[in-house]
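Undergrad: Sequence:
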Amino acid sequence: MQSAAGCSTASRCPASSTAATGTMTRSGRSWHTRGIRPGSTGTVDATATPLLPGHNHRQRSGPIPSMNLSLKYKIAIVIFLLETVMMTVVLWDTLGHSLENAEKQIGAAEQVTLGIVSDISRVALLNEDYDRVQGYIESLPDNPGILRARLVDDRGIVVASSSLSELGERVPEPVDGGATHWRTSRIENAAGPLGALSVQFSRQAQLDSFQEIRNRGIAIAAVGMGLIAIFGLGFGYLLTYRLQKVVQAANQVAQGDYSVRTRLRESDEVGQVGTAFDTMAEVIAEERRRLARANSSLEQRVLERTRELEDANREYESFAYAISHDLRAPLRSVNGFAQILADDYGEQLDRQARDYLDRIRNSALKMAELIDDLLTLSRVNRAEISRVSFDISHVCNEVVKELRAEDPSRKVDVQVRPAMMVQGDPHLIRDALANLVGNAWKFTARTPDARIRFHCREENGETVYLVEDNGAGFDMEYVDKLFIPFQRLHHERDFPGTGIGLSTVQRIIYRHGGSIRAEGKTGQGATFFFTLGSG
Numbered sequence: 000m001q002s003a004a005g006c007s008t009a010s011r012c013p014a015s016s017t018a019a020t021g022t023m024t025r026s027g028r029s030w031h032t033r034g035i036r037p038g039s040t041g042t043v044d045a046t047a048t049p050l051l052p053g054h055n056h057r058q059r060s061g062p063i064p065s066m067n068l069s070l071k072y073k074i075a076i077v078i079f080l081l082e083t084v085m086m087t088v089v090l091w092d093t094l095g096h097s098l099e100n101a102e103k104q105i106g107a108a109e110q111v112t113l114g115i116v117s118d119i120s121r122v123a124l125l126n127e128d129y130d131r132v133q134g135y136i137e138s139l140p141d142n143p144g145i146l147r148a149r150l151v152d153d154r155g156i157v158v159a160s161s162s163l164s165e166l167g168e169r170v171p172e173p174v175d176g177g178a179t180h181w182r183t184s185r186i187e188n189a190a191g192p193l194g195a196l197s198v199q200f201s202r203q204a205q206l207d208s209f210q211e212i213r214n215r216g217i218a219i220a221a222v223g224m225g226l227i228a229i230f231g232l233g234f235g236y237l238l239t240y241r242l243q244k245v246v247q248a249a250n251q252v253a254q255g256d257y258s259v260r261t262r263l264r265e266s267d268e269v270g271q272v273g274t275a276f277d278t279m280a281e282v283i284a285e286e287r288r289r290l291a292r293a294n295s296s297l298e299q300r301v302l303e304r305t306r307e308l309e310d311a312n313r314e315y316e317s318f319a320y321a322i323s324h325d326l327r328a329p330l331r332s333v334n335g336f337a338q339i340l341a342d343d344y345g346e347q348l349d350r351q352a353r354d355y356l357d358r359i360r361n362s363a364l365k366m367a368e369l370i371d372d373l374l375t376l377s378r379v380n381r382a383e384i385s386r387v388s389f390d391i392s393h394v395c396n397e398v399v400k401e402l403r404a405e406d407p408s409r410k411v412d413v414q415v416r417p418a419m420m421v422q423g424d425p426h427l428i429r430d431a432l433a434n435l436v437g438n439a440w441k442f443t444a445r446t447p448d449a450r451i452r453f454h455c456r457e458e459n460g461e462t463v464y465l466v467e468d469n470g471a472g473f474d475m476e477y478v479d480k481l482f483i484p485f486q487r488l489h490h491e492r493d494f495p496g497t498g499i500g501l502s503t504v505q506r507i508i509y510r511h512g513g514s515i516r517a518e519g520k521t522g523q524g525a526t527f528f529f530t531l532g533s534g
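Oh and the sequence shown: position 527 is 526 in my numbering, straight run, nothing missing.
Just so you know, the hints here were simulated from the structure itself, not pulled from any lab data. Each residue gets a CB set at the ideal place from its N, CA and C atoms; glycine is no exception. Mixed in with the good hints, there may be bad ones.
The calculated DMTMM-like cross-link candidates involving lysine to aspartate or glutamate, where the alpha carbons are at most 25 Å apart (straight line), are [said to hold, decoys possible]:
no.	residue 1	residue 2
1	520	457
2	400	390
3	441	371
Per label pair, the in silico range of CB-to-CB distance [what the hints assert, rightly or not]:
no.	residue 1	residue 2	range
4	164	141	17 to 23 Å
5	336	305	56 to 62 Å
6	266	90	37 to 43 Å
7	459	266	52 to 58 Å
8	348	305	55 to 61 Å
9	338	315	19 to 25 Å
10	108	236	51 to 57 Å
11	96	222	34 to 40 Å
12	153	204	31 to 37 Å
13	315	255	41 to 47 Å
14	412	329	41 to 47 Å
15	345	313	44 to 50 Å
16	108	237	52 to 58 Å
Modelling step: build the complete structure from the supplied sequences, incorporating the hints.
TA: Structure follows, in structure tokens:
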């Protein structure tokens with residue numbers, strides 16, 4: 000579709016009966032008409048400018064802002080927008096074709112009018128008889144769409160005009176303006192130019208009619224789009240009200256109400272979703288009831304097992320404490336009498352008897368050490384935790400000082416990170432460090448360049464304390480046995496001990512809300528990691 004301002008469609012029309020056949024072509028913004036008077040040869044050239052302004056205006060549209068709308072409104076908006084686009088395209092195309100056809104019809108009518116008047120004017124110019132043509136030209140403005148007309152001779156003098164004031168005057172070339180335009184036909188014959196006919200046409204009536212049609216179309220389209228919007232809302236509601244029931248039921252289930260049901264039984268997709276949701280809710284409700292029953296049973300069993308364990312622990316602690324105390328007196332007697340035998344009768348005993356006596360004393364000492372460890376473990380299980388802030392580095396240094404005093408011949412490189420403050424029970428933490436550092440001291444006895452290191456680091460926002468050594472180490476295959484009482488990973492003749500120390504350490508760490516683990520490699524040392532909880 001092209002506007003009047005840019006139309007380049009060629010058109011042809013026949014001349015009147017008083018003139019020979021003629022041809023008019025429009026190219027760009029010019030019209031050319033040729034006509035031949037009976038009995039003579041001549042050409043008529045007409046030029047015209049387009050009338051109507053271009054109507055191919057672009058419709059502005061901006062992006063729709065993202066809004067959190069319900070589905071029914073989104074459906075209505077989509078339908079409304081699609082229909083708006085369709086109606087706009089149809090209205091635009093219809094009006095464009097109507098305007099183009101009207102322009103062609105009016106242009107053809109103007110050509111016919113100009114051709115007829117040009118033939119009459121040619122006769123008047125040849126005969127210099129202007130009275131008849133004057134009357135004809137004066138009557139032209141009575142026709143719709145014609146404002147003025149004038150005929151000039153080859154000198155440019157007006158010889159006939161619808162405006163009597165122009166007669167006999169020399170007028171300038173006509174100029175188009177607004178909704179009007181001039182068509183000029185150059186009248187010639189074989190001898191040369193005779194004059195020119197200029198007619199001013201107006202298409203204001205066409206513009207008004209087009210504007211009225213356009214306004215009426217827009218009004219009809221607006222009413223139609225309003226009805227479509229209402230229809231879209233209703234259609235969206237019909238589509239979404241059952242979905243809304245599913246959404247409401249899902250929200251109630253999310254809040255813990257598993258008794259809600261959608262009751263949708265239709266066979267379409269929404270009904271299938273509702274049925275599936277009801278089935279899911281029923282399954283969840285049944286599973287929760289089953290889980291509640293299982294939890295109740297499990298809680299009862301846990302309570303029973305907890306009571307049994309507490310009773311067993313109390314019995315174990317009482318047994319260990321009683322046995323430890325009951326064994327101390329006989330051991331003191333055995334050790335005392337063995338010492339008396341060694342002091343008073345040692346010279347009377349042979350070498351083998353003295354060896355037996357030494358074995359008795361050593362066994363009594365080991366038994367006493369075992370009893371002390373059992374008492375310590377029992378005390379750890381029963382003692383109240385008293386958390387205070389203290390310097391664990393200082394406690395470790397005190398333990399190392401005692402170890403050096405017990406074995407002054409040992410040369411061990413001990414590194415303790417200074418000023419490590421902790422929250423815990425100083426006495427229990429000292430027992431734990433005495434076992435950990437004591438083990439490191441013991442298991443580096445056969446290492447030429449023995450090294451022990453106590454420091455800390457941050458792991459996952461928690462302070463982890465490390466006791467490292469480069470001693471005998473252990474096989475990680477047996478790491479699970481480290482903290483079990485009386486379980487030993489080394490032979491007693493290589494590294495003596497009771498096998499209770501690490502169990503005591505683990506119990507102390509657990510009572511502080513911490514954790515402990517170990518890593519090691521045979522012949523390359525071991526590292527113990529422990530935390531003390533948040534307190």
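Undergrad: Are the hints correct? Go through all of them and say.
TA: Right, here's what the structure says about each hint:
no.: 1; hint: 520 <-> 457; result: 24 Å, holds
no.: 2; hint: 400 <-> 390; result: 16 Å, holds
no.: 3; hint: 441 <-> 371; result: 19 Å, holds
no.: 4; hint: 164 <-> 141: 17 to 23 Å; result: 19 Å, holds
no.: 5; hint: 336 <-> 305: 56 to 62 Å; result: 47 Å, violated
no.: 6; hint: 266 <-> 90: 37 to 43 Å; result: 41 Å, holds
no.: 7; hint: 459 <-> 266: 52 to 58 Å; result: 55 Å, holds
no.: 8; hint: 348 <-> 305: 55 to 61 Å; result: 57 Å, holds
no.: 9; hint: 338 <-> 315: 19 to 25 Å; result: 33 Å, violated
no.: 10; hint: 108 <-> 236: 51 to 57 Å; result: 55 Å, holds
no.: 11; hint: 96 <-> 222: 34 to 40 Å; result: 23 Å, violated
no.: 12; hint: 153 <-> 204: 31 to 37 Å; result: 35 Å, holds
no.: 13; hint: 315 <-> 255: 41 to 47 Å; result: 44 Å, holds
no.: 14; hint: 412 <-> 329: 41 to 47 Å; result: 43 Å, holds
no.: 15; hint: 345 <-> 313: 44 to 50 Å; result: 46 Å, holds
no.: 16; hint: 108 <-> 237: 52 to 58 Å; result: 55 Å, holds
Of the numbered hints listed earlier, those contradicted by the structure are 5, 9 and 11.
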